[in-house]
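Start from the sequences, fold in the hints, and give me the full structure.
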Amino acid sequence: MQEGGVVLPQFWTNDVPGWFRQAEAQFRLGGVQSEIERFNIVWSRLPPDVSRLCYQLYLKRESEAAPYEALKAEVLRVTNVVEEGEKVEDGGRPSIRREERSSSLLRTGLQKAFYQ
Numbered sequence: 001m002q003e004g005g006v007v008l009p010q011f012w013t014n015d016v017p018g019w020f021r022q023a024e025a026q027f028r029l030g031g032v033q034s035e036i037e038r039f040n041i042v043w044s045r046l047p048p049d050v051s052r053l054c055y056q057l058y059l060k061r062e063s064e065a066a067p068y069e070a071l072k073a074e075v076l077r078v079t080n081v082v083e084e085g086e087k088v089e090d091g092g093r094p095s096i097r098r099e100e101r102s103s104s105l106l107r108t109g110l111q112k113a114f115y116q
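The sequence shown maps to residues 1 to 116 in full-length UniProt numbering.
It is worth saying that the hints were derived from the structure and are not from the lab. In this text, all values refer to a predicted model and were calculated from it rather than measured experimentally. Each residue gets a CB set at the ideal place from its N, CA and C atoms; glycine is no exception. One should not assume that every hint holds.
Said to hold, decoys possible - For lysine to aspartate or glutamate, the following EDC-like pairs were computed, each having C-alpha atoms within a straight-line distance of at most 20 Å:
#1 Lys60 / Glu74
#2 Lys72 / Glu62
#3 Lys72 / Glu37
#4 Lys72 / Asp49
To be verified - Each pair of labels, with its calculated beta carbon distance range:
#5 Gln56 / Leu29: 13 to 21 Å
#6 Gln10 / Tyr58: 17 to 25 Å
#7 Arg52 / Gly31: 24 to 32 Å
#8 Ala25 / Ala66: 13 to 21 Å
#9 Gly5 / Leu46: 16 to 24 Å
Okay, here's the thing in structure tokens:
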């Protein structure tokens, strides 16, 4: 059991926006409203590769005005997730819409971050 009685599922690398929707539903059910509590609960469920990419946010979480929202945006960014209608350029390849991307984009993003 986590803070506020909220239990989040394991992080879904193949559906990051869906995972955040699930997390936010759990926050509502558990009455977790504090940004810092939400941040800490989400941070505790991030896989090591993703948390490494977001580590700077962890260091400044107390000084962030909206730490959970900042973490959510950063996780979506580092996992190459874009909102409906937006596009993300992936190297020289054509733009990829969210519904067309796969978990391979997560691997590609992580590889670029660590090996370039």
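Verification of the supplied hints:
{"no.": "1", "hint": "Lys60 / Glu74", "result": "13 Å, holds"}
{"no.": "2", "hint": "Lys72 / Glu62", "result": "15 Å, holds"}
{"no.": "3", "hint": "Lys72 / Glu37", "result": "13 Å, holds"}
{"no.": "4", "hint": "Lys72 / Asp49", "result": "15 Å, holds"}
{"no.": "5", "hint": "Gln56 / Leu29: 13 to 21 Å", "result": "31 Å, violated"}
{"no.": "6", "hint": "Gln10 / Tyr58: 17 to 25 Å", "result": "19 Å, holds"}
{"no.": "7", "hint": "Arg52 / Gly31: 24 to 32 Å", "result": "31 Å, holds"}
{"no.": "8", "hint": "Ala25 / Ala66: 13 to 21 Å", "result": "19 Å, holds"}
{"no.": "9", "hint": "Gly5 / Leu46: 16 to 24 Å", "result": "20 Å, holds"}
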